[in-house]
Amino acid sequence: MSNYPDIYSSILEGLNDKQLEAVTAPDGPVLVLAGPGSGKTRVLTHRIAFLLSQGVSPFNILAVTFTNKAAREMRERIERLVGGAFGSYEARNITMGTFHSICSRVLRRDGGAIGISPNFVIYDDDDQIRLIKQALNEIGLDEKQYAPRSIQARISSAKSALLDPEDYSSQGVSSYFDEIAARVYRRYQQLLEINQAVDFDDLLMKVVLLWKSYPDILQQYRDRWQYVLVDEYQDTNRAQYMLINLLTQEHRNIFVVGDEDQGIYSWRAADIRNILNFERDYPEAKVILLEQNYRSYQEILDVASHIISSNRLRRPKKLWTNKSGGALVRVREAYDEQDEASYIAREISRLTSLGEYTYSDFAVMYRTNSQSRPVEEAFSRYRIPYQIIGGTRFYERREVKDVLAYLRLIHNPHDAASLRRIIENTPSGRGIGKGTMKTLEDLASRAHISLWDAIEIALGIKSLEEVGAFLPNLEIPKLQSKAKESLKQLVGLIYELREQRDILTLPHLIDTLLIKSGYASFLSSGAEEDLERLENARDLISIAQDYAAIDTSEALVEFLQEVALQSDVDTMQNNGNQVTLITLHAAKGLEYKVVFIIGFEEGLLPHARSMDRESDIEEECRLAYVGVTRAMEKLYISYAFHRNVFGATQTNVPSRFLANIPPDLLDGSLPSLGRRGPGRLTSTTSPRTPSGSTYPGGARNYSGQSYRPFPSNSNFVSSSNLERIIQEYKPGDRVRHPKFGEGVVLKVEIQGEDAEVEVRFAAGSTKKLLASMARLQKI
Numbered sequence: 001m002s003n004y005p006d007i008y009s010s011i012l013e014g015l016n017d018k019q020l021e022a023v024t025a026p027d028g029p030v031l032v033l034a035g036p037g038s039g040k041t042r043v044l045t046h047r048i049a050f051l052l053s054q055g056v057s058p059f060n061i062l063a064v065t066f067t068n069k070a071a072r073e074m075r076e077r078i079e080r081l082v083g084g085a086f087g088s089y090e091a092r093n094i095t096m097g098t099f100h101s102i103c104s105r106v107l108r109r110d111g112g113a114i115g116i117s118p119n120f121v122i123y124d125d126d127d128q129i130r131l132i133k134q135a136l137n138e139i140g141l142d143e144k145q146y147a148p149r150s151i152q153a154r155i156s157s158a159k160s161a162l163l164d165p166e167d168y169s170s171q172g173v174s175s176y177f178d179e180i181a182a183r184v185y186r187r188y189q190q191l192l193e194i195n196q197a198v199d200f201d202d203l204l205m206k207v208v209l210l211w212k213s214y215p216d217i218l219q220q221y222r223d224r225w226q227y228v229l230v231d232e233y234q235d236t237n238r239a240q241y242m243l244i245n246l247l248t249q250e251h252r253n254i255f256v257v258g259d260e261d262q263g264i265y266s267w268r269a270a271d272i273r274n275i276l277n278f279e280r281d282y283p284e285a286k287v288i289l290l291e292q293n294y295r296s297y298q299e300i301l302d303v304a305s306h307i308i309s310s311n312r313l314r315r316p317k318k319l320w321t322n323k324s325g326g327a328l329v330r331v332r333e334a335y336d337e338q339d340e341a342s343y344i345a346r347e348i349s350r351l352t353s354l355g356e357y358t359y360s361d362f363a364v365m366y367r368t369n370s371q372s373r374p375v376e377e378a379f380s381r382y383r384i385p386y387q388i389i390g391g392t393r394f395y396e397r398r399e400v401k402d403v404l405a406y407l408r409l410i411h412n413p414h415d416a417a418s419l420r421r422i423i424e425n426t427p428s429g430r431g432i433g434k435g436t437m438k439t440l441e442d443l444a445s446r447a448h449i450s451l452w453d454a455i456e457i458a459l460g461i462k463s464l465e466e467v468g469a470f471l472p473n474l475e476i477p478k479l480q481s482k483a484k485e486s487l488k489q490l491v492g493l494i495y496e497l498r499e500q501r502d503i504l505t506l507p508h509l510i511d512t513l514l515i516k517s518g519y520a521s522f523l524s525s526g527a528e529e530d531l532e533r534l535e536n537a538r539d540l541i542s543i544a545q546d547y548a549a550i551d552t553s554e555a556l557v558e559f560l561q562e563v564a565l566q567s568d569v570d571t572m573q574n575n576g577n578q579v580t581l582i583t584l585h586a587a588k589g590l591e592y593k594v595v596f597i598i599g600f601e602e603g604l605l606p607h608a609r610s611m612d613r614e615s616d617i618e619e620e621c622r623l624a625y626v627g628v629t630r631a632m633e634k635l636y637i638s639y640a641f642h643r644n645v646f647g648a649t650q651t652n653v654p655s656r657f658l659a660n661i662p663p664d665l666l667d668g669s670l671p672s673l674g675r676r677g678p679g680r681l682t683s684t685t686s687p688r689t690p691s692g693s694t695y696p697g698g699a700r701n702y703s704g705q706s707y708r709p710f711p712s713n714s715n716f717v718s719s720s721n722l723e724r725i726i727q728e729y730k731p732g733d734r735v736r737h738p739k740f741g742e743g744v745v746l747k748v749e750i751q752g753e754d755a756e757v758e759v760r761f762a763a764g765s766t767k768k769l770l771a772s773m774a775r776l777q778k779i
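Under the UniProt record's numbering, the first residue of the sequence shown carries the number 1, and numbering increases by one thereafter.
For the record, the hints were derived by calculation from the structure and aren't laboratory data. Don't take every hint at face value.
Stated by the list, open to error - No more than 20 angstroms apart at the CA atoms, straight line, and that leaves these computed lysine to any residue pairs for SDA-like:
#: 1; residue 1: K747; residue 2: A762
#: 2; residue 1: K212; residue 2: D110
#: 3; residue 1: K318; residue 2: D336
#: 4; residue 1: K747; residue 2: A771
#: 5; residue 1: K434; residue 2: K478
#: 6; residue 1: K516; residue 2: K286
#: 7; residue 1: K318; residue 2: R346
#: 8; residue 1: K212; residue 2: H100
#: 9; residue 1: K286; residue 2: Q298
#: 10; residue 1: K133; residue 2: Y123
#: 11; residue 1: K516; residue 2: T505
#: 12; residue 1: K747; residue 2: A648
#: 13; residue 1: K739; residue 2: F761
#: 14; residue 1: K144; residue 2: E756
#: 15; residue 1: K69; residue 2: S517
#: 16; residue 1: K133; residue 2: F200
#: 17; residue 1: K462; residue 2: Q489
#: 18; residue 1: K323; residue 2: L666
#: 19; residue 1: K401; residue 2: Q387
#: 20; residue 1: K18; residue 2: K286
#: 21; residue 1: K434; residue 2: I389
#: 22; residue 1: K593; residue 2: R346
#: 23; residue 1: K462; residue 2: R446
#: 24; residue 1: K69; residue 2: H585
#: 25; residue 1: K438; residue 2: N425
#: 26; residue 1: K212; residue 2: K144
#: 27; residue 1: K401; residue 2: F200
#: 28; residue 1: K478; residue 2: R498
#: 29; residue 1: K516; residue 2: E535
#: 30; residue 1: K767; residue 2: E756
#: 31; residue 1: K462; residue 2: E424
#: 32; residue 1: K434; residue 2: H100
#: 33; residue 1: K133; residue 2: V121
#: 34; residue 1: K488; residue 2: K401
#: 35; residue 1: K482; residue 2: S517
#: 36; residue 1: K212; residue 2: K286
#: 37; residue 1: K739; residue 2: R775
#: 38; residue 1: K401; residue 2: S524
#: 39; residue 1: K69; residue 2: D110
Sequences are here, hints too, so could you generate the full structure?
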């Protein structure tokens, strides 16, 4: 630091050697590989401040982040760093923001060259879906058959890969559905232009087109932004990569910060190869590794390093810290998800009662949103306040509220709020428009009857007198045939479900309404996020198992009351001192003193949908790594022997990622696990239990009762067979049987060297079929 004038001393103060090397690097391409908790934001802000101190004009600096919040925080830090010596004027005139916000400015100014009005509007997700529905209708396709959200996902992926409608038709079509998406994409893009609108993907794609088509315009921006800094470079997609590449080819002053070990957004079209190939794109690049961690104890870092060590697509790093004296990472096998959640609640209660931590110091992390429900219920029992980040509370999620609306209407057809929700939302495209609804609502208002009564009267099912409305001169409205038919189907469905209520158990009633309403089919035909919504909806079946033994009419009342009270408890806690419940994806960039990661099991982490490709398994491993490195002081990892999935209990295998962790780094016992290649799980000889049965991990005891986690007919030791079956059939897969028709896979159970696949067919039946003989065909 003594080599620099005193005027810079505040900018360079407090940096470690590697951070100092990065901040003061000479002009040219620089790649900073920043491990978790190593101060990457500090390096970025101090680098910008250093450039200003070297006489670089703030007008020549472009800093790109992935959130507006991050951009605001960086600007504030820079203002504090340079405010005294150079004035905050410089900081305010740096171009800083997200890729989308910066591209929007470019198009407002120069988009006219490619036919974009400076007054364009940006369509959000709902706008896009409506436009896709319009495009479907205009080209004569049924939106019920071709899910608009799934088509939207195809179009977004195409734009992220810089494929316009013509390119996508010639290069991106690999199936019949892709052909449909290509036709919709073409019309959708035409409608955007007619409406003088762009979607979020257009903002990036159109700037690439602009700069490639008009080199003189590109040169203006090259002259303006001579120093380009990019945060989270591992999360860039093809379009973002091209933007940066085009902009920096002349001056080559590109400074990127990222970590390939934290690349977890391929489902957003992020391409980890962008950071892995940086030195290929810029052979003269200076590469600096930030390995000193300021967040976590070494024990946590060692576990993280061993988890990620099996990945091939990475540059080895050695995370280290000066913080010593931390606790071993605690690993625990739970009997089921309720036992797992109760353990977490007890441990949080214990630590807070000792005065060691407050509730806001804790976070519970999980792979999928549906895993939060048992934790929420346990926290309510233990009176632990919590907040959900990266998702809404379980009972407030749209798909859960949709199913609950059906249940409330079965219980009480006069519940107008639930009726409106069903008509408007679940599933879409019922054919009952706003005009029809207004007509019915006017009738209900004039006759002082419920909306349900008004529908029955308009359909001729009941008379005014039968519903207690004695208005002989009241004119009954005539409905359009399409709306009338749709209303008949809805009323018939509710009548049928009310009859089924007296026959079926509550779990079977929910199962039946998901099928007969078309809601399960509606979600299962959509994009990956819709499949997760279907998992959440089906999780209500698991909850309803507790009411299966009592009369369904009584069970339904108690169930709905329990749900209402659960929601009330949730909304009462809002004092800021709360435990955080968060998905692993949403946890990136955050930190907590104590972290619980639940569901460390095959099928969850790694997720069942990732089993087909090694690159997907590696991303799941990175996701586990991100979760582990959020912990500052204590880390708990848990997995459940049993887990209730879609109303059925499954026996689970601990995650293969646990096999990478040496036992001396853990507090708690693991099954006897070995390794077979990167991230692969195998079993070794299992110890004998006191009862004489053998299973990995030895005996466990829960609530004073011993049990045998892996029954004698379990195929736990044959993990290669397990992986093959998981890859072939997964819950949520749509399949076709030559006799029973189309259906959805509910669960897969190992049966010796074969597997039993349980499928719910569209006709309403549920069958258990042997995979080797079922002749099932994936759709």
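Here is what the structure says about each hint:
{"no.": "1", "hint": "K747 / A762", "verdict": "holds (16 angstroms)"}
{"no.": "2", "hint": "K212 / D110", "verdict": "holds (13 angstroms)"}
{"no.": "3", "hint": "K318 / D336", "verdict": "violated (36 angstroms)"}
{"no.": "4", "hint": "K747 / A771", "verdict": "holds (12 angstroms)"}
{"no.": "5", "hint": "K434 / K478", "verdict": "holds (15 angstroms)"}
{"no.": "6", "hint": "K516 / K286", "verdict": "violated (61 angstroms)"}
{"no.": "7", "hint": "K318 / R346", "verdict": "violated (35 angstroms)"}
{"no.": "8", "hint": "K212 / H100", "verdict": "holds (18 angstroms)"}
{"no.": "9", "hint": "K286 / Q298", "verdict": "violated (28 angstroms)"}
{"no.": "10", "hint": "K133 / Y123", "verdict": "holds (14 angstroms)"}
{"no.": "11", "hint": "K516 / T505", "verdict": "holds (16 angstroms)"}
{"no.": "12", "hint": "K747 / A648", "verdict": "holds (8 angstroms)"}
{"no.": "13", "hint": "K739 / F761", "verdict": "holds (11 angstroms)"}
{"no.": "14", "hint": "K144 / E756", "verdict": "violated (31 angstroms)"}
{"no.": "15", "hint": "K69 / S517", "verdict": "violated (41 angstroms)"}
{"no.": "16", "hint": "K133 / F200", "verdict": "holds (18 angstroms)"}
{"no.": "17", "hint": "K462 / Q489", "verdict": "holds (16 angstroms)"}
{"no.": "18", "hint": "K323 / L666", "verdict": "holds (18 angstroms)"}
{"no.": "19", "hint": "K401 / Q387", "verdict": "holds (19 angstroms)"}
{"no.": "20", "hint": "K18 / K286", "verdict": "holds (12 angstroms)"}
{"no.": "21", "hint": "K434 / I389", "verdict": "violated (34 angstroms)"}
{"no.": "22", "hint": "K593 / R346", "verdict": "holds (17 angstroms)"}
{"no.": "23", "hint": "K462 / R446", "verdict": "holds (17 angstroms)"}
{"no.": "24", "hint": "K69 / H585", "verdict": "holds (17 angstroms)"}
{"no.": "25", "hint": "K438 / N425", "verdict": "holds (17 angstroms)"}
{"no.": "26", "hint": "K212 / K144", "verdict": "violated (39 angstroms)"}
{"no.": "27", "hint": "K401 / F200", "verdict": "violated (29 angstroms)"}
{"no.": "28", "hint": "K478 / R498", "verdict": "violated (27 angstroms)"}
{"no.": "29", "hint": "K516 / E535", "verdict": "holds (17 angstroms)"}
{"no.": "30", "hint": "K767 / E756", "verdict": "holds (10 angstroms)"}
{"no.": "31", "hint": "K462 / E424", "verdict": "violated (24 angstroms)"}
{"no.": "32", "hint": "K434 / H100", "verdict": "violated (35 angstroms)"}
{"no.": "33", "hint": "K133 / V121", "verdict": "holds (19 angstroms)"}
{"no.": "34", "hint": "K488 / K401", "verdict": "violated (23 angstroms)"}
{"no.": "35", "hint": "K482 / S517", "verdict": "holds (18 angstroms)"}
{"no.": "36", "hint": "K212 / K286", "verdict": "violated (28 angstroms)"}
{"no.": "37", "hint": "K739 / R775", "verdict": "holds (10 angstroms)"}
{"no.": "38", "hint": "K401 / S524", "verdict": "holds (18 angstroms)"}
{"no.": "39", "hint": "K69 / D110", "verdict": "violated (26 angstroms)"}
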